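There are 4 protein chains.
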Amino acid sequence: MPSFEPRDPDFETRIRDSFAQQQMMHTLGARLAAVRPGEVEIALPFHNALTQQHGYLHAAAVTAIADSACGYAALSLMEPGREVLSVEFKINLVAPAKGEHFVAVGRVLRPGRTLTVCTAEVHAEQDGASTLIAVMQATMIAVSRPKNQIVEKRA
Amino acid sequence: MPSFEPRDPDFETRIRDSFAQQQMMHTLGARLAAVRPGEVEIALPFHNALTQQHGYLHAAAVTAIADSACGYAALSLMEPGREVLSVEFKINLVAPAKGEHFVAVGRVLRPGRTLTVCTAEVHAEQDGASTLIAVMQATMIAVSRPKNQIVEKRA
Amino acid sequence: MPSFEPRDPDFETRIRDSFAQQQMMHTLGARLAAVRPGEVEIALPFHNALTQQHGYLHAAAVTAIADSACGYAALSLMEPGREVLSVEFKINLVAPAKGEHFVAVGRVLRPGRTLTVCTAEVHAEQDGASTLIAVMQATMIAVSRPKNQIVEKRA
Amino acid sequence: MPSFEPRDPDFETRIRDSFAQQQMMHTLGARLAAVRPGEVEIALPFHNALTQQHGYLHAAAVTAIADSACGYAALSLMEPGREVLSVEFKINLVAPAKGEHFVAVGRVLRPGRTLTVCTAEVHAEQDGASTLIAVMQATMIAVSRPKNQIVEKRA
Chain A
1 MPSFEPRDPD
11 FETRIRDSFA
21 QQQMMHTLGA
31 RLAAVRPGEV
41 EIALPFHNAL
51 TQQHGYLHAA
61 AVTAIADSAC
71 GYAALSLMEP
81 GREVLSVEFK
91 INLVAPAKGE
101 HFVAVGRVLR
111 PGRTLTVCTA
121 EVHAEQDGAS
131 TLIAVMQATM
141 IAVSRPKNQI
151 VEKRA
Chain B
156 MPSFEPRDPD
166 FETRIRDSFA
176 QQQMMHTLGA
186 RLAAVRPGEV
196 EIALPFHNAL
206 TQQHGYLHAA
216 AVTAIADSAC
226 GYAALSLMEP
236 GREVLSVEFK
246 INLVAPAKGE
256 HFVAVGRVLR
266 PGRTLTVCTA
276 EVHAEQDGAS
286 TLIAVMQATM
296 IAVSRPKNQI
306 VEKRA
Chain C
311 MPSFEPRDPD
321 FETRIRDSFA
331 QQQMMHTLGA
341 RLAAVRPGEV
351 EIALPFHNAL
361 TQQHGYLHAA
371 AVTAIADSAC
381 GYAALSLMEP
391 GREVLSVEFK
401 INLVAPAKGE
411 HFVAVGRVLR
421 PGRTLTVCTA
431 EVHAEQDGAS
441 TLIAVMQATM
451 IAVSRPKNQI
461 VEKRA
Chain D
466 MPSFEPRDPD
476 FETRIRDSFA
486 QQQMMHTLGA
496 RLAAVRPGEV
506 EIALPFHNAL
516 TQQHGYLHAA
526 AVTAIADSAC
536 GYAALSLMEP
546 GREVLSVEFK
556 INLVAPAKGE
566 HFVAVGRVLR
576 PGRTLTVCTA
586 EVHAEQDGAS
596 TLIAVMQATM
606 IAVSRPKNQI
616 VEKRA
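Residue numbers (the working numbering), protein chains in the order written: chain A, 1 to 155; chain B, 156 to 310; chain C, 311 to 465; chain D, 466 to 620.
In case anyone wonders, no lab produced these hints; they're calculated from the structure.
Keep in mind that a hint or two might mislead.
Chain A residues, not near chain C, derived (Cβ > 12 angstroms throughout) [as the list claims (entries may be wrong)]: (1) Ala-33; (2) Glu-39; (3) Glu-41; (4) Ala-49; (5) Lys-90; (6) Val-105; (7) Thr-114; (8) Gln-137; (9) Thr-139.
To give a feel for the contact side, a few chain D residues facing chain C, derived at Cβ under 8 angstroms [unchecked claim]: (10) Leu-515; (11) Gln-517; (12) Phe-554; (13) Thr-596.
Because the structure is a prediction, the values reported are computed rather than measured.
Using N, Cα and C, we set each Cβ at its ideal position, and we do this for glycine too.
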C-alpha cells in the first residue's frame, strides 16, 4: 500500500468535524475509529434497528460505513477548504453481515485534484473471528463548500 | 419496458411480509409504495436523522431505498419459497439529495433463475418538482430460505 | 427519455472525427451507426477474431462498443473544444453474446459541466430477433485536449 | 493477501487451454504471463491497432486484460469441469494508458461455489517505471460447459 503525504496538516480535525455533522452516522451508531493519511476506519456495533429480513445487518448499513470510510480517506488527502462528495460506488456483498461488530476500512488508491479513487473492505467480527463481508470501489470528488447547503434544516 | 409474468401469484404479500421484517426500513421511515411484477417503488420522507454533513439526505439512505427497490423488483418474479439477496450494486449520485420526499423505483432488466439484473432511479421531490438524484445497476440472487438466520435476534 | 439541446452545433462532426481516430474501433470493425444529442449508437458485426473461449463475442468487444457509445453520447452534449474520457463504468453481461450483429446504444442520463452519467444497452441480433446481452452504467469526464497526446505514435 | 488451495491440480493447464481458445486475446496480442492459485497475470504490449483517439491504449484493451485476469483467477480455484463467465465488472480508469507494455493482475477476493468476487489492477510500464492505470472489481460465475457453444464458428 502506498503512503501518502497530506496537503492539510489539520486533516484529522476536518474529518472528525465533518463526521460529527452527519446525523446519519449518529442514527446508525457508527464511530470514526481511525484516521490516517489516505486511510480511514469506521466501526459500527450490531443493533436490531439496523437489520434486514433475516436478522443480519442491512446492506444499507454496510454500505453506509464503507462509503463514508472511502469519502473520508479521500478527504484526508485534499487541500484545506475542500469537501468531498461521492460520485459513485460499487459494492459486492460477499458474505452475510452476521456479527457483533463491523469495521469498514477505506483506502485511497489514486488521489487526484478533482477525482479520487478509493476501495473499502468491511469485516464482521464475532467471537474473536473476523470475516470479510463486503468490498467497495468508489469515486470521490473534491468540491468547494456547497453554497446552497440547508444548514437551517439541521438546527 | 418489458412486461413480466409473475411465477408466484402471491408475490405482493411475500414482498410486503419481507419488507415489514426489515427493521432498517422502519428506522429510516421508508414505505413500500407500489408493488408490480418486475417493478417496486419505495418512498422515504426527509428526516433530520438521515442527513449527511451538508444537511441533505445521506447517500446511505438513498442507496438503501434503491437497493431494496431492486431486490423486491427481483423477488416479484421469483418462484414461491425463494428469497432474494443483493450480490452487488453500483450507484451514481447524480444530484444533491435535497427534497421533502424521495422515491426509488426498481425495475427488473433481466430476470433469471439464479441471477436477476435490475436498475433503479431515485427522485427527490420538492415544491412539486421531481429531480433525478441517483441511478443504480444491481445484481440480485435467488436463495432458499437461509438456514442459519438469526430470528431470535429480531425477537 | 429526456431530450437534450446540444451546446455545439457541430457535435456530430466532432464525434465522427474522434471515432475515426480510434484505431481500436477499426480493429474491432465497429461503426458509428447513429449520432443524436445525448444518444449514440455503435454497430459491430460478429467476427471470429473477436471471440471468447466458447465462440461467442468476447466481453471486451461488447464492453468496447458500450463504453464508446456512452462516451460519445456524453460528448454530444459538451461545449466545443472539449473531449471526453471514461472515468469508470460498470457492465452486466446478462446473456451470451451470440449473434451475427451487435448494437450498443449509449444515452446520457444526466449531463454535467464536468461529469456526465450515461447508460448503455447492447443487443445481439440473429435471425431477425434482438436480445439484450449487456447493460452499462458509466461516468464520463469533460477534459481539454490532452497536451501530452502521443500523436506521433499513430503515424 | 490470502493463500488459496486449488480444487483442481490441473488448474494451470485448464486455464492455458481456455486462454488459447480466446481469439480476442490473439487479436489484442495478450499473453498469459503467470498463473497461480487465485491470481493470474496477463501481459499486453502496446500496439497502434489498439489505440483510442489520443494515441493511448484504448480502455477496451485495458478492460479486456483486467476482465480476463479476474476470470482466470476465479477459474484457478474452481472444481474440475467448471468454466467461468463474467457476471459483471466495474473498472476505474485512473490514469492515461500510456506505456510500452501493460500488465493486469487479477486476484480472488472471495471464492464461492457459484459466485467468485475478484479485483484486478492494471499497470503501464514505460522507461522502467510502472504506473497504476486501472482498477477493477468483478463478479464471476462457475458454469458447466455451455451445451450450445458454437465451436464450428471457430473452425
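Checked hints:
{"no.": "1", "hint": "Ala-33", "in the structure": "holds (28 angstroms)"}
{"no.": "2", "hint": "Glu-39", "in the structure": "holds (21 angstroms)"}
{"no.": "3", "hint": "Glu-41", "in the structure": "holds (24 angstroms)"}
{"no.": "4", "hint": "Ala-49", "in the structure": "holds (31 angstroms)"}
{"no.": "5", "hint": "Lys-90", "in the structure": "violated (6 angstroms)"}
{"no.": "6", "hint": "Val-105", "in the structure": "holds (21 angstroms)"}
{"no.": "7", "hint": "Thr-114", "in the structure": "violated (7 angstroms)"}
{"no.": "8", "hint": "Gln-137", "in the structure": "violated (8 angstroms)"}
{"no.": "9", "hint": "Thr-139", "in the structure": "violated (6 angstroms)"}
{"no.": "10", "hint": "Leu-515", "in the structure": "holds (5 angstroms)"}
{"no.": "11", "hint": "Gln-517", "in the structure": "holds (5 angstroms)"}
{"no.": "12", "hint": "Phe-554", "in the structure": "holds (6 angstroms)"}
{"no.": "13", "hint": "Thr-596", "in the structure": "violated (13 angstroms)"}
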